[in-house]
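Quick note, the sequences are listed as chains A and B, same order. Position 173 of the first sequence, counted from 1, bears residue number 173 in the working numbering, the numbering being contiguous throughout. Just add 1000 to the spot in the second sequence (first one is 1) and you have the working numbering.
Hints should not be assumed to be uniformly reliable.
[To be verified] With a straight-line Cα cutoff of 25 Å, these simulated PhoX-like cross-link-like pairs (lysine-lysine) come out:
1) Lys1065(B) / Lys1726(B)
2) Lys1856(B) / Lys405(A)
3) Lys1680(B) / Lys1894(B)
4) Lys1856(B) / Lys1042(B)
5) Lys405(A) / Lys1561(B)
[Unchecked claim] Where chain B lies over chain A, by a calculated footprint (3+ residues, C-beta under 8 Å):
6) 54 to 68
7) 138 to 145
8) 153 to 163
Quick caveat, the hints were computed from the structure, so don't treat them as lab data. No residue lacks a Cβ here, since even glycine has one placed at the ideal position from N, Cα and C.
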Amino acid sequence: MLPELLRPEPLVEGSISAAVLDERVLAFPERRPPRAWFVAFAAAASCMSLGFALIGYTIVTGIGVWGNNRPVAWAFDIINFVFWIGIGHAGTLISAILFLFRARWRNGLARFAEAMTIFAVMTAGLFPLIHLGRPWLAYWLFPYPNQRGLWPNFRSPLMWDVFAVSTYFSVSILFWYLGLLPDLASLRDRTTSRARRILYTILSLGWRGSAGHWRHYEKAYLLLAGLATGLVLSVHSVVSFDFAVSVVPGWHMTIFPPYFVVGAIFSGFAMVVLVLAVVRRVMALEDLITLRHLELGNKVILGCSCLMGYSYLCEAFTAWYSMNPYIHHTFLQYISGTYGWAGWLAIACNTLVPQIFWLRRARRSLPVMAIVGVAALAGMWFERFTIIVISLYHDFLPSSWLVYKPTFVDYGILLGSFGFFFTCVLLFSRVLPVIATSEVKGSLHD
Amino acid sequence: MSDPRFSRREFLGLIGSATFVAGCSKDRGEIVPFTKRPEGAKPGVADFYASTFQEGLCAYGVLVKTREGRPIHVQGNDRHPAFKSKTSPAAIADIMGLYDPDRLKHPLMDGHPADWSAVESKLVSSLKDQSVLLVTGALLSPARRALIMDLKKVLPGLRHVSWEPALGDGQTAALQDCYGSARRPRLRLERAKVIVALEADLLSGGRTEEIGGFASNRTERSMNRLYAFEGSVSLTGANADVRVAWRPSRAAALGFALARELHQAGVPWPSGVDSSSLSDFSLEGLDSGLLRALVGDLKKSRNQAVVVAGPSLPPQAHAAAFLLNAMLGAEGHTVDASSSVAEPLSGSDAVAQALREAQEGKFGAAIFWQVNPAYSFPDAKLWKAAVAAIPLKVRIGLHEDETAQDCELVLPEHHWLESWNDFETAEDLLSLQQPAVGSLYETKQAEDILLDILRGLGGGAPIDYRHYLMARWQREVQPSGSLVPFESFWSAALHDGVCQRKAEAKPPRRLNGSAVNRWAQVAAQSERPQWELLLSPSANLFDGRYANNGWLQELPDPVTKLSWGNAVSMSPTDASRLSLEDGQVVRLSASGREVELPVVVQPGQAPGVLSAALGYGRRTGSIAQGVGANLFPLWNAAPVAVKDAGRREVLAFMQRHHTLEGRDVVRSLAWPKGRLAPRKDLASLYEPRKFPKHKWVMAVDLSLCVGCQACVLACQSENNIPTVGKERVLKGREMHWMRVDRYYEGSPENPRILMQPMLCQQCDDAPCENVCPVAATNHSDEGLNEMAYNRCVGTRYCQNNCPYKVRRFNFFEYTAQTPASARLAFNPEVTVRPRGVMEKCTFCVQRIQEAKQAAKVRGRPLQDGDIEPACAAACPARAIVFGDLKDSTSRVSKLTRSERGYRVLEELGVKPSVTYLADLRNPPQADAS
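Just chain B, same shape as in the assembly (with noise of 0.2 Å):
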């Protein structure tokens, strides 16, 4: 007789399952697959979400590549028409900012952890009736602007202040001056054949569209040409043509005196420029062959030549540059202002004043939103007395920052990935952010923490910002009497992540001449110091905001290739007179402040100028902290000092010697008459491979790489690769599959200076793969050069071998060393890798496996450009290009059999995949005039 309640069976079940049941008992902390999928979620198929970054003064269209819920890559947005499918390195580098493990994950109240109704009640009632001080960066945003307008209804005391430390203010002024308008204009560089930037970096890693269209003329078809003059080294600088060392101080001087030379060579003035004005320019120190070659090229070039200064300097070079412009009637062509916005930013004059009026106790409470001043301002003892004087600071940000430490309330924000937002880069263009992931932590976003303030002031709000910006764009974007549902719009401007629409034609801006002429009284009196500072944003982490970022941390800088830290430029003329070399430390000192740092001796940085980078030196977070010198202290402060603190500081240089010694490894052509020698095809005992369906090559234009090293970053993104730390850099074990050489060429003082990115050659008879004694590394039947991990056992044999060095060692675990979050960050098509394995750029084969996988199922053949490796996706200079070999008529192909080609190393028999197009430079000949 069976129980009524169990059977035999049952029972044994029931066991067995209970005994399962306890094997399984402990935790493993292990993800549990979706029971019940939601609707359209596919696993394993990577999601796309548009959405926009913004950095500063720009905002950038990306696509935010997901994995199950997790953002996993940034690229650009092929939709956006002025980035066209790129985007700036930061925006790649700053998922690790989604990730950090840093990031605040609940309120803070006076240093505790408390919940958001708490510190927002709080919040709401000490804000009440108070003048209030809102200090943000640059807008940029239509709706965030709105809102604070919003704000200043229910909050009349209200004051804002945007702010962006590490723009210089001089441009805005001059603007200002010049044409009544703050309005910045589009630098058109598709359309300039002569390009003169003064101090300008116009190529640097975030200046994405300005890179794309200096590449677009960089062919044998048709070249630009491009003059720098600029103190220091910038890549710029290194992709001139004509590159001439220049103290910034002198700037304005040469543009002035340049547009008196164009005047005398027939070029009329603007109405309203006084011609007397501009007789006490000399060209001291110039050659007087390139200043007849420089005019001669602008005249000839007119409305296809542009002047830029940069942002570093002072409003007369601006002046020098608008006067120059307008000459050549490059208002409307090159230099395109007739959709431009005005960002209302403040200058740093303006925070000076708002925290003096704090200190006489102005302002009963005080909001930090996105700049973090206890840092960036430079007048520390100022910023002290001021938030003494404020009885509430509220910190909206990241982190618990050096801002946030001076502050009571410290209110988490979204990372922008988490984020809502519309961004206003042009009249015709907004960009729409939206989240790629639900909030990870206990966060809000800013805008949702001031409609709460809006709310609790009596201020009528829509539930949650996402509603704010909507109702906004039914009303103001959507175009009115249009027959689409709102919805529609909505979803497809979301989907599209840009919304072009029409703007009204604008009148052309007009110089105002008397302006110009003031401006010009001033730059002839201004006199030259003894010591010139430059302070620019870091190429990689720009004011600061990214020092936590480990891989912007450890990207080198794109021309000293310094990381880990930031160092003070000098020529090698002012170096050997101070008897100072690498990473002796000074101490510059200006206005009362110093700072201490060490010397980088830069080949090309004119006598007299020292530069360096803001946005290191930053004294919380676990990465930044302590990593390089602030120098925001010495912002605008002058005269500067110089003087040797007797002490050194080591350096983590990526890259340690700076010459070619005479090797042919990076070829340079003078257009358009240059030519390679003809390549002499070497004898082999061996049969050549055979390829029976694709063979993987690609090909890179020194011509249109500039070394913004955006390729670096997302190759890191795509291939999970690890940063080592300043340490392990010094003992040259850095990971990156993929760099980008910089050699300098020539004298010391002006040389030329070369890019190379360098990556696995992917060689057809590929060194390392004979000496692998456990056949870990072999060649795929597509060209492929391929790394079995797993089989690794670590011999390193194969990276002697490897004439080219490419291939890594992962000496630690450095994935264990990981954070868990950032671990979030990794590409699950891409295997991890171990302690104790060489790994190796694989040309992305994730990418060709699944783009092959994609035209199987749709039924047709590969075809050319299906295929992008995460470096070419990501080169906003389309220097990169990947493809088949056997397809005869791909882009690759093509270029492969170019006559600029060249293989590096070719010599030694290794048959690489990667075929180099020699660079190309267009100086003015001798005899122009």
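So here's chain A without its partners, still in its complex pose (with noise of 0.2 Å):
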């Protein structure tokens, strides 16, 4: 046995029986939530419907009520977008990747990121649909037989967008599913209630926890890691396309891919982090999803941090080696101009924030932990604004250069995309045991 200061923390903070582990995860979608719950359910869902009001204001009147322009063609939704997606990336990475690095501290985690993943994917898809000028023809953006012959074009990056993300959507709720199914079987022999009795009985599709079903189910999770692995990478990188292969100055950048999928994971992993801190006290998990957990998070968030500043780094020497006009003004626009402050927001919070957690009191903090998760969404989303605003408010032609100025339709939007995802969270704790139990009881005796 290791000496004492080398041996790593416990996973699991005291002794907990897999009963005990049964009873609290599990016996929870079955109680009455906390007070607490109701209220963020509320707040949730009113932004929720806030949003959806307006979004369904903007289909009926035109993209005019939001404040984009002419050149400011993309604002607030593609920001939005890709903000979420980067959220969505987190979960995907902790259950696929760690899982093939067979980093067992993803366990107490990977139910609920993954559960998150697959929110924020579907909140990110809402903005493709409703930014189109007619909505109502989205489909014409699916390659679908038709008496016309029409094919969409497989040279645009939104059509890629589009198999990329529909693929990474399948197979996290494919990966997420499975994961659940013993779980799921495992509520169906609880429960007294003869209505859940049936809906676990149809969800966990007759596991009965055979030899034979653990060995197909271990070969499956494994399959199925090793198929989203690629996708984590690959998502956000053809995301970053739809502006890497423009000729906008300041997109048409090589280093794009990396560097959005190192912000994604870094905005994915700040909000898992934020989340958690607060599911953990309020369904009073601190002994299964402990500050063990949260610290290696934080370690996630101030790498993903560095390599952002490597970024920004890169993207200034670009634009002076470059010795593109274009790409040097932009550039200056970043930090400079009439948004400068966002650009300077987005460094700040996402490269100086974060480098407090060198200091590890500093990593297992709840309240620096929340203040460091706020910074780099805060961040990350007004990275997001830089990118898409600010390139495009000062392109090649002096004459069409246009401040861009969002209207209460786009802020409501986005406040509502997070009363989406947050509602759907919280049905989700509701419902289904967040924390992977039959994985969680692998490392009780660890």
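Both chains come to you apart, so use the hints to assemble them.
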């Protein structure tokens, strides 16, 4: 046995038996939730309703109710899309890549993080739909056979987005569902309510926990993990092609794919840590989702933050070294023009604030985590604002330059997207086990 | 046995058709096609009618394009000798005036709808034996003048005042005094090598003939030199080779001092001019090198030079210009008065005099026709008092406007596209106006109302004005002794729209030297006020008559790029001294009247000079109401005081950044030696695109383009482009497919001003095409970047990726917001775009297709010049040339190969199809003396 100093902290605090674990996690969906849940749900659902009402208003009236203009043809719509797709990166990274690396600390976080991935991708998926001038024709973006013999344009990065995001969403949801099967079966076996039993019976697909089931399960899980790993890297790379493939100064950059992936993981982990820090308290899961889990997440945040800083420096270097006057001008706009504050905010939140995580005490402090998490989320949102709005508002011909101003509909839909995401998260915590008990049981006696 | 009345078959048939009829019972208001087509009407084929459009003292020959009986487009009449297939932007836009939903649709009596017979009988009975005041705009029409003369015979108390409120009185006064006649000479800029403009905007939108003449000498082969001395910044200053910010109060002094310098350089005085009266003028503030160059140029060019003073200047400045032209011998060359006619135009003093008499109860009735004095007469108090003292006021007009609100009888008149008339702009040139459409509403042509009055008062009159016109033409216009029957002569004149005839050669005008001496003394005594306010007719709305026209309200000012409103321009020096910036409202006051309006800081404006456009601040009209401020109250008022009003207004600029930031977008060369840097061909991984038959390209000569924006309006009319309104212009959502970018370069005190028409560049490797996920925008095999509107889902990715930002997105359902009557102006050959769809310039693909079909029907190949997009057809400077690059002899091919040719943002590798020819400027050489 290693000396105590070198011994890793246990993944579960105290001694918990499997039965207690079941009682703690699986009983939660059957109990009346705490008051805090209702308060949170009411808030989230209100925001969501506001968002959907404003989306309805947009669809009935036209994109004109947003602040988008010429030259800033994309604004909050695509910022929100990229932001939420980014949030959706942590879940799959935790469940797939860390699974393949045998990082067992992931077990406690995986279920929740995966759920957040799915909800984030759902939220993100709203935006490409509603940002269309004619959203009722959105199905034209899919290659479906039709009498007119029309086919989408496979050279368009937006087309690649359609495939990348829909593949990512399908694989994420399969992976998540597969992992849920043993727990769904446990729920089926525990429940006393007939309606719930029927529901969980159907959902658990006849899982009985036989050795054969486990063998297939492990194999399928491994395969899906392998599949999802590639997607973690590809999805945000493809999203970044929307920009990198264009001619717009500030978008046309080769660093974009890795830069976007790192940013996505950064913001995704920030969201996971932030949400779990609250959830473990509200649901009294402090001994299952321990400070060690959060600390490890914070280390990922710190690492990504350093990579983000590198990317920013790289962008600055490219702008200078390319001697391209347009890129040069756009880069200066990131830090000094009308929106210079947004650029500095992004730099500060994404590269400076997380540096506090070099300190162990900060990594393990819940208030610091909360501040850094919120900063990272805000920073990443403003980073996309910088990339999209600032690059567009001063493009090639100075005659078309124009400042962008969002409207209340833009803000409302942004708020609504958070409402939708958290409504989904809260409903999930209400009906499904938030911790993969079957996997945690494996690490109970480490 | 079958029923004798119904067979089974008939019964079923009847049931079937009854069901069908029941199904169709709801009246959907659809147009029913002709079951019996009128002879000669060809559905789907446009008819063109020659007509004439009048604005102020200009009468433009136009061709009105009609489809299925509806006028849809106005272009220049190619048979007009002065305008040569070009016309004014206002003529193009005034098609919206025809379909204006605010037009009066029936007569009003005391504010209530009435029928014509009641109104006219009341009118005739009240006019009988009364002294009547008739206020009109410039008549320009011999038939109209004759009609008013006829009216005077039955109505001896008729006083006629013709008044153009936005045109200054200075020129008329000076002409009367120095030449003894108000005949306005024609400027022949095509003959001029040196042009000196004193506060004269020779190149604004309506100066079609002057723009054409000026542009004809702006090529590599022959370059004129334009000197502009101006306080405000006009298109003339923007295009000048030398522009000097010069206060208008010193324009006369400049003119007389130039004359003195010219005399010292050896040019003799005209007879009667006294040298001593010209000794007091200093040229302080004028660079001595520049003065030497100017005097040298004038002396060298002699009768190929011309000096023009602007209409806003006082008579002494005009007299100075006359003196200079006389010294140069310009009379008969660049200044041509040989066939000009005198338009008896009364000044605003005459209107004021008539109103004062009215106030004293001298008139029993007043008729206001064309002009809108309740809006444009400066002294509102006098107007109110005058109308209160006139028992019966009659308004003949298109709208229920400010004046109509003060009148008991409001008689709606035909729009010019519904009217007959003739115009005489020179003794040897008459032009005809004919209706292109029957009257849309219960309106009458104003002249017909006058004829009704004439008839009602016992005078003899033909049945309508058309017959009146024809009778006059038969009597006076058709050459006597002509063997051609009048009907043939008349229909030929109507077909051509113009009628050229021989005029007797007049002896050249003689400048009255003693009058010049007198004006020189006036000029020597004139003081320099702290602030000078220059008011000029709006480049778009003129004197406010087009204020209810959305196209013209939305078209930005050519220099400030401000749409939907006017502002007072102020020099950067003054603005920083008063710590004012764009949009801050100031209160201008003079002669006890005040106007509040926002400031625009105008680079190049002379310090101490304020300038603003008239025509805004109308109080009536659903579009015009409340847009901008009315500056007529400050007309001719002095001294002007400026005060910060302490509030702000949002100004709808269509261009918000004004410098090039060192980008190589608009290139400019000094003639004759300037050359562009040689082009580097960009390497490409891809095969160049192949164009089997045609490759449509365009060349835009920046040296010719003056920035008048006629192209923008022609494009709007041709392509059914909606207007969006001020709020949406502020958000950068204007829909113009074509725009003219204006950049300032150099010091804000006197920058160089560059213009660049910008439209879709139809790139061969278009960045918009590959990013569209639904392949709604594609490249045709003739080099066009095409847009399939019904495939577009509106991702706006193409707009982001367009380096020229020429794609326009339908943020709202604009067509549904277009009034039903205005939709009649739509061109049926161009799809109307729904909400959520991207749109853009197509190089007028409908015209390309039409020309191809016409060539095929005629069985000959397409020839260069068969196709003219709307912008090229409208350009008065002929700066836009369109054609086939595959035809190496086409004009556009030659221009594309020009040494001056370059492509904007070529370094991106998008291969644009529009070649710009670098602007040529011809500043005097430093060593000239």
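Discussion item. Hints numbered earlier in the text: which of these fail when held up against the supplied structure?
Written reply: Numbers 1 and 2, in rising order.
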